[in-house]
Amino acid sequence: MARTEPAAVDTAAPTTTPEPVPPPEETAGRGALAADLRAVRVLWQREVIRFGRNRLRVAMSAVTPLMFLLILGTGLNSALSSQQDSLRDFRAFLFPGVLLMAVQAPAVAAGASIVWDRQAGFLRQMLVAPVRRSPLLTGTCLGGATAGVGYGLPILCLGGMVGIPYRPELVLALMELGLIAFAFTALGVLVAVCAKRPETFQVVVGLCMMPLLFLSGAVFPAGGLPGWLGTAVMANPLTYAVDALRRTLPGAGVSGLGTRAASPEWWGWTPPVALEVGLIAALAMAALAVATYRFSHSE
Amino acid sequence: MSPGGSGGAAVLAEGLRKDYGDRSAVDGLDLAVPAGRTFGFLGPNGAGKSTTIGMLCTLLRPSGGRARVAGRDVLSEPHEVRRRIGLVFQESTLDVDLTAMENLRFHADLFGIPRRQAVESIIDMLELVDLADRRDSTVRTFSGGMRRRLEIARGLLHTPRVLFLDEPTTGLDPQTRVAIWEHLHRLRREREVTVFLTTHHLEEAEHCDLIAIMDEGRLVAQGTPAELKAVVGADLVVLRTDDDEAAARAIRERLGLDADSFDADSFDTADLDTAGLDAAGLDAPSLDAAGLDADGFAPDRSPGGLRLRVPDGAAFVPRLCAAISVPVHSVTVTPPTLDDVFLHYTGRTIREADSGASPFAGIAPRR
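Going down the list, the sequences are from chains A and B.
Going by UniProt numbering, the letters in the first sequence line up with residues 1 to 299, in that order.
Going by UniProt numbering, the letters in the second sequence line up with residues 1 to 367, in that order.
Okay, chain B solo, but in the shape it has when bound (with noise of 0.2 Å):
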């Protein structure tokens, strides 16, 4: 098998662990990350996400376990794993006094890129991250976005096997955002670089192939998104009506289920289960209601209404409409989201998790 060739797993890790004193930041993790994709790593603040691509690009070392980055072994050939790693980190790390081609041509002496070949692949990176046009203009001029492109073409320079960017798109604003995914689209398209990175924004997971959902220090679920979204399973239906106790009760008798209003906030993971397994289709439906909570969702909305989860919820409206009496002011079908998906596996939505978490993200571990 060659190094981070196709086929193998570009990352492995098998029981990483990183204690500080007697807490554990990351403990006890297995991964596996084929080659050529782009691996999204979610979580809240704090979760471990930082902590773990320390120990991956070899900058911290690990209390325990074992990984593998693109076929080197972290603990004894941290200099080979180096070489076949490119790393954006999540606060900017470039040099404000130099210019983009100087940033980028210390870093291919450092790489020990020869000169000559060097000098093509920094105009390369420069075109590929649309920066040619500024190659001779200090950093300190740079906008936010175009810093992180930058780094994005250094992390790339010596065409690493491997590409972990720590948060890419943190502070940046959306229309920056959506053009950072464009470029790292490109990327592995062109490159065939597997992407490894790490966010707290669950809109941007979708745009990876693989996730996986880490909270304080574990890795609670792993998959596509769309996986990990059937597990959900549910379509979230929100309907408003002249009378919600009145609408609750016929859906109860002639459709078989129960709608939570939105005031009631106890929540059940187990429910959401059985949902998602069963969602054979609209016959049998097996529908639990969830009451999800009202702040954590959808603030902005007045209370009142029902909350449904139902498997297909658009082919579901119909019925639902024609099964109740009272006047029905609006029908809102929501698929699952990967906050949803986060909400199952860990009883919060990420940004409960994250307005506790310390602000020393990956640093220091929860509580």
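Bound conformation, chain A alone (with noise of 0.2 Å):
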């Protein structure tokens, strides 16, 4: 299909009214930072929605990571306390990867209904309303975010289980899980922008999420890998996401396993927390930029 130009959505040149302009209209400045907040909030509040409706979903949605946290994590547990006393609790040591798994499923869900309005038409006809195309995505991804959040909070809520101390630094793990879900949502944005079919799009986001999980750290450990593995570890983004979680969480079995470090070393260097939050957030809107741009200068 032949890619046509956009219909001059940002382009759209200072209007230049030689009639009288009708009561209702909007001049342009404040009226359209007005009308593009709109668009985030009508965007963001549709994903708000939809999450809301779907209770079935969110519960489904649960039981992976929560079997990834009891069965593995226990029968690992088991597995390694009986040889070696010092490991603790692996579960523990998990729960962040667990974490990240929960918000992840539902943020790219987010990322992929631009897919499936593209599909079902709906994009189109938002894409026929008199606003810009950025407020669409952006809204997207902040109801991602949201979105993630809650499906993230009912399994910090479990950290009591694994022995997560309930105390105030889990604020602060959810904030971080509200960037981290924003960054899939824009990752799963761009993916869905630059794909144009719903199978294109599942295709990749299967491909990429189970090595991206497993090189995270979320698994076993990211300091002092061999090799390629420390490598790929050190290139993979979610690795500084889990990490910043764990470093955040309270209790002392989440922060490592063994001996080992649990923490990503750049040439010995542990980045901070702050760093690795950072990271993240530069990722987001990076992604978050391509995206727009795809997505303006297309259909």
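Possibly wrong hints are sitting among the right ones.
A few chain A residues that face chain B, going by a derived Cβ cut-off under 10 Å, partial list only [to be verified]:
1. A34
2. R46
3. D117
4. M126
5. A129
6. V203
Not the full set, but computed from the structure, chain A residues with beta-carbon under 10 Å of chain B [said to hold, decoys possible]:
7. A35
8. A120
9. L123
10. L127
Derived from the structure by calculation, the hints contain no laboratory data.
Beta carbons: idealized from backbone N, C-alpha and C, even for Gly.
With the hints as a guide, bring the two chains together.
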């Protein structure tokens, strides 16, 4: 299918109106910003409503991370602790990764909504509204972040089961989760904008998620890994998401496995949590920017 | 001239074209739709109707030419155009996870309608399309007709000057189709909206004030349904007798007419043209017989029988029966249909055109 020019969305020339303007008309500037914010809110609201309406999906999507936590965690825990007393609770170690998994599914689903909306035509309906295209994506990402937090929160509340104490740091962890969910949605949106068909989207996401998760230090410590594996883990942005969560969450069990350093190291230096968070934020922004550019210059 | 006001053209296109590579989906379209009318855009699948709508609605950038919708230029003022148009797509574009009310409210928000005003007009619109009692049901539970009605309501929510409907009744059962048309008529009466719709159902075009026929990216005819039919002019008289040959001979000798039997499949548009233009009356009938393709026109009739084109078919029947001596089984008189019009201008029936068209209507032009 031939690519076509955008309908001059961003190039909307400063409107020179020779005729008297009808009253409900919005002028450029403040009105345009208000329109953008409205569009962001509409899209955010839509994701939130869909999230709230789909309780079954909420429950179901909590199952996989919980299985990881309870089955894999407990199984490996007993296997490891029988050999080595110095190992702390593996389930607690697994907890940040499990949180990440819980957040990832709804966030990517929000990104996927772009693809489905394109398929269903809802996207076209939005594109014909007198709003710019970038707020549509921003709103979707915020919606995905909110949904992600909504999915992550119940899991976070279960932290007590694996020995995570209920302390105020959990709020910080929740905020990090929100940012991570935003980043996931932004990446999902980026894939969605590039992939024209839902099948392509699913293939790409299916292909990426597993390796990204395994190479993130979610299931084994990210520090001091051999050669190629270490490099891959260092290059994986999820590594820093997991590590930031791990270092924010309270409780001794989370922070490491045995004597091995759980955090990634850059030539012997461990980046501080703030930098890790900044990295994720930068990644999210970059993904959103590229997606917005592609989105504004297509169709 | 106020934008989209009465007297002005609600939709104006000059030399509008859209090329995909070296193919032209729309090839130099000139169009003027007066405000307040219902305009039907006719053509087989892939004729370029959806592409045209896409350009008029600022979704597609024209490769050439100009267009103004509701008084605004689609290229230089896309947002102004969007504010003034409503659009109902060929495919359903509702969010099925949301309720009817929510779908409309989101739309109102996107168009920047103040909240209080939005709630009022949402309720109004739901009343108009008879969905007020289902406002809090999710769209997933709606039938095809209800969804279509909801989409029409949504398209009207921001009180557009022009409502574009791309194949509004495709995929709906006949009963729902009638209901949709009732709504559209009511709409035009109560809201004075210019309705611009595409269809490849010729019978639907009868509902329109004006129609234009598009084929392979070009406009081949436009006018009122009556005007277009007048071009074809003559009624179709189908005659079944004991001896068709004898009857045809009698018609030729006594009435000076050529009657074609059904198996004749040659078709000459030029003949029809004269038939239409010379249609002065029964006294001096300049009658040309047209052998229509039996498959295209009356597939359920057995072969045999004669076809004639005459200006006033009903008045012609007594003379016809008097003129021929063989026993007559039946005579049917059919006024010209838009199918005849389409055939006249494109040389094929719309069904034939459709069956040869690509399934990617509106996106990929034919050939």
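- Would the stated hint for A:A129 survive a check requiring a Cβ distance to chain B of less than 10 Å? A:A129 check passes; min Cβ-Cβ to chain B is 4 Å, inside 10 Å.
- Item | Interface hint compliance - A:L123 to chain B, C-beta minimum distance less than 10 Å | Status holds, d = 8 Å.
- Status of the A:M126 interface restraint (C-beta, 10 Å, chain B): Hint holds; A:M126 Cβ to chain B Cβ min 7 Å, cut 10 Å.
- Query: Holds or violated: is there a CB of chain B closer than 10 Å to the CB of A:L127?
  - Reply: 6 Å, holds
- Query: Was the hint right that A:A34 lines chain B, CB cutoff 10 Å?
  - Reply: 7 Å, holds
- Item | When the least beta-carbon distance from A:R46 to chain B is tested against 10 Å, hint result | 6 Å, holds
- Message: Under 10 Å is the threshold here; is the Cβ of A:D117 close enough to any Cβ of chain B for the hint to stand?
- Response: OK, holds: A:D117 within 10 Å of chain B, min 8 Å.
- Holds or violated: is there a CB of chain B closer than 10 Å to the CB of A:A120? 7 Å, holds
- Item | Proposed interface contact between A:A35 and chain B, which counts if any beta carbon pair is under 10 Å | 6 Å, holds
- Identify whether the interface hint at A:V203 stands, where standing means a beta carbon of chain B within less than 10 Å of its own. 23 Å, violated
Checked against the numbered hints given earlier, this structure breaks only hint 6.
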